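Participant: Two chains, two separate frames, one set of hints: put the complex together.
Below, each chain spelled out in residue letters.
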Amino acid sequence: MSVDTGSSRAAAKPELVEFTIDGQQLSVPKGTLVIRAAEMIGIGIPRFCDHPLLDPVAACRQCLVEVPDAGNGRPMKPQPACALVAMPGMQVETAASNATVAKHQEGMLEFLLINHPLDCPICDKGGECPLQNQAMSHGPGESRYEGVKRTFPKPVHISAEILLDRERCVLCQRCTRFSTQISGDEFIELAERGALSQIKNYEDTPYQSYFAGNIVQICPVGALTSADYRFQSRPFDLVSTTSSCEHCADGCELRIDHRAGTVRRRMAGDDPQVNEEWNCDRGRFGFRSTMLADRLTSPLVRREGVLEPASWPEAIDAAARGLARAGHDVGVLPGGRLTVENAYAYSRFTRAVLGSNDIDFRSRPASAEESAFLASYIAGRRFEQAVHYADLEAAARVVLVSLEPEDESPIVFLRLRKAWRAHGLQIVNVAPFNSAGATKLGARLHATAPGGEADALRTLAADGLLDEQTIVLIGERAALSPGALATAAELTKRRGARLAWIPRRAGEVGAIEAGALPALLPAGRQVADPGARVDLAAAWGVASLPATTGREVNAIIEAAGNRQLQALVTAGIQAEDFLDPRALLDALESVDFVVSLEQRRTEVTERADVVFPVAPITEQVGHFINWEHRIRPVQLVIDENPSPMTDVRVLAALADAMGADLGMRSPAQARAEFAQIADWSGERAHGPIDSGGGRPVTSQPPAPDSLVLAGWRLLIDDAAGLDGATELLATAPARVARLAPADAARLGLVSGDPVEISGPAGRLVAPVELVGEMSPGVVWLPLNTGSSLFATLGAHPGDRVHVTAPGSRPDGPNQSDGGAQ
Amino acid sequence: MTDVLTPVLTENWGTPGSWQLENYRSRGGYAAARKALTEMTAAQVISEVKDAGLRGRGGAGFPTGAKWSFIPRDSPKPTYLVVNCDESEPGTCKDMPLLMASPHTLLEGVIIASYAVNAHQAFIYVRGEVLHIVRRVRKAVEDARAAGFLGTDIFGSGYDLEVVVHAGAGAYICGEETALLDSLEGRRGQPRLRPPFPAVAGLYASPTVVNNAESISAVPAIIRHGAAWYQSMGTERSKGTTIYSLSGHVRNPGQFEAPLGITLRQILELSGGMRQGHHLKFFTPGGSSTPMLTPDYLDVPLDYESVAKSGSILGTKALQCFDETTSVVRTTLRWTEFYKHESCGKCTPCREGSWWLVQTLRNIEAGRGQEGDIEKMLDVCDNTSMKSFCTLADGFVAAITSAIKHFRPEFEAGYHTPAWELFPYEKSALFARPRQVEEVAS
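Keeping their order, the protein sequence lines are chains A and B. Last residue of the first sequence: 821 (the working numbering), numbering continuous. Last residue of the second sequence: 442 (the working numbering), numbering continuous.
What the hints contain is simulated information worked out from the structure, not anything from laboratory work. Note that the structure is a prediction, hence the values are computed from the model and not measured. Using N, Cα and C, we set each Cβ at its ideal position, and we do this for glycine too. Some clues are possibly wrong.
To be verified - Derived SDA-like pairs: lysine to any residue, alpha-carbon spacing no greater than 20 Å straight-line:
#, chain 1, residue 1, chain 2, residue 2
1, A, LYS77, B, GLY311
2, A, LYS77, B, LEU193
3, A, LYS200, B, GLY186
4, B, LYS376, B, ASN363
5, A, LYS77, B, THR391
6, A, LYS418, A, LEU445
7, B, LYS376, A, VAL148
8, A, LYS103, B, ASP394
9, B, LYS376, A, PRO140
10, A, LYS103, B, ILE374
11, B, LYS77, A, ALA422
12, B, LYS376, A, GLU146
13, A, LYS77, B, ASP382
14, A, LYS103, B, ASP382
As the list claims (entries may be wrong) - Computed footprint of chain B on chain A; a stretch qualifies when at least three of its residues, placed anywhere within it, have a C-beta under 8 Å from a C-beta of chain B:
#, segment
15, 56-64
16, 75-84
Chain B with its partners taken away, still in its complex shape (with noise of 0.2 Å):
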């Protein structure tokens, strides 16, 4: 089976130093690069990004290379290239890896990538709590920069470009594109009106390109091996390789590269499944923002468009697995406390609703729900979902509403019964404390 792992972006991530720029380029590092900028035009990398189908690897899945063909040509403002590694939500964790990894590999990305959409100054905007990961990758700049890949004339060609490594200051809406360029122009963090769109109006008004870290850093590969390469993997319409991020009551935890189409049973069987002795009881497809599904969605393929048929969303493709011993309500009021704690205030309905769906999903954890509290929950969520200025809303009403919907005799044990009883929290532990409980309790 091992033969289901495709690493193009985890390929030099088993190699000694494999950070270093030196090891990095041993292994054909930045040969794609100087392929673009010396051998092709910004339109042909563009196509070349196009026909290869990568779609955006931050969760919404929106074609790269047509999102590179907006960029205004004509405009009279610099345009600007803004990588989000703002990577921040629960169970999500592939861009951090692949920062700590091979920050090359990504560096490589934005310089194809600025090339392609005429950029001259690009951002790379990490997450600030990561401090190793802003240290390396501000590293990998510098070397790069010291090797000729960065600033002027790079490979002769007469391309300039100039990149800056920005952390930011731990909020999770940053992750958010235009809450993300807000922050990068020293504001505080919430998302824009759009229209306009950033390709239009972005970065201080200027034309700009926001992609994920996974999507810049797949560039590379697609250069130099070509579109029909890149092509041949994954499935009709989600082409290509990803990475998969398997955490939870599994075995072996960790990354894992796939075409895009991949089980969670193949993933699974792979990595030596669930804990001993326990098994799948559910799990989200791509971080806690996607509605969790069940076993009976093992077979599902992992893409883009299977995921959605099934109710979810393929989103950051994080999946994390809770085995049987887990209270669906405790995992569910964990993440809504996060999103309400993590909700920027600018609108009313992700503020307020967070805010009340907290409240109520702790009285049903602690068995002090009353009838009508799930109604009244679906509802709340109902008045939240879509509402909302971006989506940080959707994100917990998801996991509510799928919560309820798969394990609904849970929530309604909540009426009567604490959740820490029907499922004593160090059980689903992997180093439980003993006063755990009692904390929560009290």
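In isolation and in its complexed conformation, chain A is listed as follows (with noise of 0.2 Å):
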């Protein structure tokens, strides 16, 4: 457990008091708690209730220590150490040096066990269980209670994933502190008195949290378990693995635990400068995906228009062959999602192999803007230069814009909401609306109609908002908002407020690290610069690169679409995810040659031609750099293929195949050999961005009935990557249509009411939420719960969408008297 003195903030030296314990001097800051100082100086102190992260309760009392001075000549009498503060002089006595303390820790330990089963045998925990640990180690060996032990039924689902067993529940009140101090959901609560206390959730409502596994994780003894884990494996029979999360961009450090070849849980890693010592429900629960049915095992290569399973040799042969034909005209959409080592090989891949720049990574609704932003502010930027969590915590006021921490950044969510309760961090959301996930931040709206963040921005500049004491953290979303990501980057700029760039996968730093992007070349080097070119090409060993700056994503599908390139290259990519589905859909079977390095069957692969399984995260090392810049590395869990096809394998392979050399084979020299480029002190971009580019505002007329789209991704959705993950799905947040109560009286629906929402592509119903600080003219939909609005309406955030009652429009399904619908 990290020992957090609450120094963080402070630069300037602590005042420090001395004290000793068990005759050790010792001289802490003040304000530190006797147990943290005991720590520090190797002595253990048994403990239930108290855990660093959370205030101090001092309930299980199994900490107690004596202390004969308080520091003013007097005895105290027997004190908890995790809420006792150290004082000057004062002397504490732990049971290494007083028989009376040993005693006391020993008739607590039994005191614990009274009315706690011995079903150690059969409980999840047993192995790992602190309960079970100490009382070996200080409890009495023989308990002299004869007495009727407690019971209740078991288990109580407190949610569809959490499990509680409560005659083995000590009472530390670990999981509602959790609930209630760091996540901020309070939906459990002791409930009861003496013996029968117990924790509930209230009557009809689960416990509803993004983050409710930490619970299950911080739980001393086996009360709380989860549906996904319970009864699947002994901790003694798991080999632990530490890795990074692959789901977002925060970095979370991860404990992988596997047994027998199998994935069997995932815990929040330990490090204190990113995710603590928690994590959320979707990088713990959500790892299922690659152990479905189908799950790609052989190359497939499509024969008289059916894709058949083939030798791997038979594939890259084919692949080869094809990329061959389309010459230059390649077109490689790598996704968000790959380790810095895979992206690097695409990159080199596209310029070296295929001689080609249309190389996008983003999977998502992106801009030229956008791409000037990344360009000039997040490529080669230096991890010292970088905002972190830290300057997240010691910041005066953060603004948020286009991003949503709890959906889109769980972590940065609870680093704010830690400052929030710490020191009154101020916390200004640009957004429609303050979610319930804003409000657990304390945040104050500043409410903006999706489309209005630039001059959101502007006015909060002219508020003085924008000050050295503040970092405005922008989502990728700014991508829809024309102007807003320039804005952003000029404001802050000239006001000292620093920026950082919060993108939603895990990949995306890394993949502009490494170069995949149409006009970025890795390290930050810009295709333009023949200088850059040049070096790259005498590291790369080849006579040029390409010059000609390549397309972007939208226009890499438009350019497949109408057959300009002869073939694309993906990986890892959703069509939901991208700006237009059905053109991506469309341009892979209308252009000649796809080829798709994927891990199970998808939309993608069964319009490929050729489609190569790769190597699951677990099967591979490499490295994610997550929105800090922070290196987290991705250690190999599943060793049992020796030689894993990862992205790298493949594509070096396909470059052998086509008489080109790739330079790497492995991740492993994928990372030496961007290592040896990754320091480009030549020439960057820099700003100013040119906001026009944005994407073009429609430019339908307002009609009474149309509002603007506003929405994100939720942090549990329809995720392919959640897929499997059958208890966490039943947890995620239905979807409702948020609107202000002024427009739904307009449109004359109360809460609840169903309401139509429809866009170019098509419709959805959804019931109605009223929001009565929702800016009116918006309407809210989470944009993959139910269905990609992407893909069903066709529109975006930022669009104009039709709102109606269902069956008021007279084109309407339930209109039925003109028949011809």
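Facilitator: So, in structure tokens, the structure goes:
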């Protein structure tokens, strides 16, 4: 566990307090708890309720120590070390020096065990249980209790994912404190009293939290278990690997436990700089998607229109032939979830092997403005220059633009909440309304309809809110709001605020570094810079690199659709994530040749000519770069495959077959090679950014029933990466359409009514939820809950959509009199 | 001997309609509040109460004036006065009669105390089960407000005060001051970690004084008659008068107000002694959480220091007297059952210790005890005592250890003989039900 003395903010030297534990003289920062001080000098004090990241509660009484002198010459009664602040001259005695303390601790363990079932042999916690361990190390060995134990019917589902065995609970309140203090989801509380006390959720509300898994991890007994892992394994049969989470750009350290070649569970790792000791449920429970029946196990080659299994040499030959036929006219869509090593392989493969610059990792709405922003502000940025989690904690103000932290960056959410609780960090939310997540951050709403972000930033700047004490966090959705990124970049520079861009996917910052963008080469080199091209061509051992700036993602899809491009290479993309999913699928069908590197069968692989199964994240090493530009190592978890076919390995084989050399055959080689070219001291892109190149705003005249669409991806939604996580998905929030009460009233809708939202591609119906502070003229929908809005509606945040009560449209499906529909 | 009694708080209890505002006023009521608000500064009120030597009547005996002086004067947050009327301890019954008979005495004290600590909002937290008292205090607040004693510009002094009467939801632990504050805030009533102390961060994290109802009720008399007058009663360090609640196997149970330092022997003589034909076996000086004492202690002055010297605590001065027909085992078990039921469950030793001790005591009561049970109980008590979060557990530990200390052979008898055989329960009941014995046995 991490030792947090609360000094991370203070650069000034803390005031020190001198006191003794078991006669040893200590000097600790003022305010340090005795239990933390004892840890520092290696004195073990048993504990259950204490947790360094939770406020002390002193409930379990296991950590009692004797204080012969409180520093004022007077003794104290036995004190809980977890709540006792070290005072000058205080003398503390632990069990190591005082037999009375050893008796206190033995007595307390005996108490904890009288009502605790001795079901360790069938308990998930058995083998890694603080109660079991401390009963052995500090307990009496034998219980003198001969009475009746308290029992409860078991277990209780406090949510679809979390189960509670009440008779095992020692009432340490770690879970309730986590919920109220850390995540802010006050859905569980102590109920009843005395020995019948128990943790309960509300009568008709389950425990709703994106961070619920943490309460299982910090439960010091087997009272809280996950439906996902219950009875899956014995802790001592598991092999643990420290790795990084692949689900988002926050970069959580993970502990991945596997047995018999299968991952059984994932836990939050302990990285005080990043995720502290927490992670989100998506990162914890969303690991089954590559264990499903649709996992690709062998290459596929299309023969006479049908995809059929093929040998690796056969598939590589087929792919090499097809790509060679396409010449330089190949577009590459590697997606945003790759490790830096894999992204780098795509970057080099595209430039040095295919001779193309048509590569774009952005499997999502993107814009030229964003490209320029990424080139100027993100590419080549060093860790030391970037905003870090600790900076968020130390800032006086954080402005959120096109970013919903709880859904899109959960660890940033936890840090912001921590800072708000600790010192009242002011959070300004540029959004159409304050979501439940923003409310948990105490955010001040700067009501802004999608598309109005640039104006909102100008207003904030004029109000003096973008000063040196401010950090602006801008999300990837800003690419949909013309001028937002350019304005954020310019105003923060001018006003002294710091700026960080937080994408959703784990591989995006790494892909920018690797040069998986049309105008960017690795490490911030620009395609337009001849010096950079020469430098890289030399490093890569090729005569030259293509000089024409490549196409961006939408242009690649368009060019493939009208056959200006002859072939596409894709990796780990989902059609529904793209601005126009239909256009992508059409392009995949139109273009002559498609090579897909994938883990599972998808809409994309079904349209490919050659499909290569690539190794999932658990079977390779590599790195992600999180939004802080911090390196996050990915470790090998399952080592049964001695030669995993990673993206690097497949691209190297393709290059070989095409008579070229990728220069690397494994992620380790890719890393070594990338390290050699990562230091670029030449010219980089620098602003100002032209904000005119934003996505064209639809010229539709606002109709009376047309509202501006707002929305974001929920943390737990229909994402492919969550497939198979059944219990987790059962906790996903339902789709609702959020409306301002005035708009709803105008449409004759009340809360809970179905409302129909229609866009160019189609329509959907969702129940209405009224949000009092919602900007008028805005309708909010989750982007991929129930169905992908990009596919279903053909509309995006910032677009106008028609919002009506179902049946009220003259051409609606419920109007059957015409019979033409 | 009647001159031993000094009715101050109870002065008007015998008058008709003593709880009504006009009757209270006709005996000089609210003159002290007027005097404090119009003629004295807050500091003068505090020093008057300090000089009077008034100590907390809730059991701990902390000097009331000193408590008031801890309130920071420069807090940007409001200051609150909270009156603890959550009287729930077995045997303790002084605040309820006080509020029943003269709620305006308390209210007048609330006005003076709030003025002294610069609180403009006071709360009276009344035990929820006693609905008639909640109603009576609410009516008193209503009447006082109508008369201008509460609200704005009281007595033309420019001082404003509002009072809320809050009914608890029925938990003994809410008599613990920090649990009371949590309960008052609408949370689950559980004691809070200290520091911060209520004086710094109490109700709604604001400076708060929490006083017992009897302590506050003593204030008007002190202001009216002066510190010297109050000082003149009581013992060297326990000043003034207090209400002793006599109950149990006595001829005339009830409230006896006397200067601190009176002895149980004196009170029994005043009240007519134990019931006919019986004699005192043991008593509690201040409710079931104070260690029991035997007739050897009949002459101990019932003040804070002397009772402490005798190995007990003055507590709430609830003198529960038990005669020789009473089974100590049974009494101790009933008390422990109460504490087990009321343990809030927050901390391990109280929650589990009470659960365990009740089971052992039940075995002993039923004659099913085993050799070593007493030692085991004493060790469990040792593992509980002073180690729990608040003092609730210390209460049941005190009852058990003092019972074993004074009456160990009765517990040893529980290794083979049911308590109801040694002490037929109907003999100790004033109104015994014939079937009671069988019910207990089954």
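Participant: Hint by hint, say whether it matches the structure.
Facilitator: Here's how the hints hold up against the structure:
no. : hint                    : in the structure
1   : LYS77(A) <-> GLY311(B)  : holds, 18 Å
2   : LYS77(A) <-> LEU193(B)  : holds, 15 Å
3   : LYS200(A) <-> GLY186(B) : holds, 17 Å
4   : LYS376(B) <-> ASN363(B) : holds, 13 Å
5   : LYS77(A) <-> THR391(B)  : holds, 12 Å
6   : LYS418(A) <-> LEU445(A) : holds, 19 Å
7   : LYS376(B) <-> VAL148(A) : holds, 16 Å
8   : LYS103(A) <-> ASP394(B) : holds, 18 Å
9   : LYS376(B) <-> PRO140(A) : holds, 14 Å
10  : LYS103(A) <-> ILE374(B) : holds, 18 Å
11  : LYS77(B) <-> ALA422(A)  : holds, 19 Å
12  : LYS376(B) <-> GLU146(A) : holds, 11 Å
13  : LYS77(A) <-> ASP382(B)  : holds, 13 Å
14  : LYS103(A) <-> ASP382(B) : holds, 10 Å
15  : 56-64                   : holds (count 8)
16  : 75-84                   : holds (count 3)
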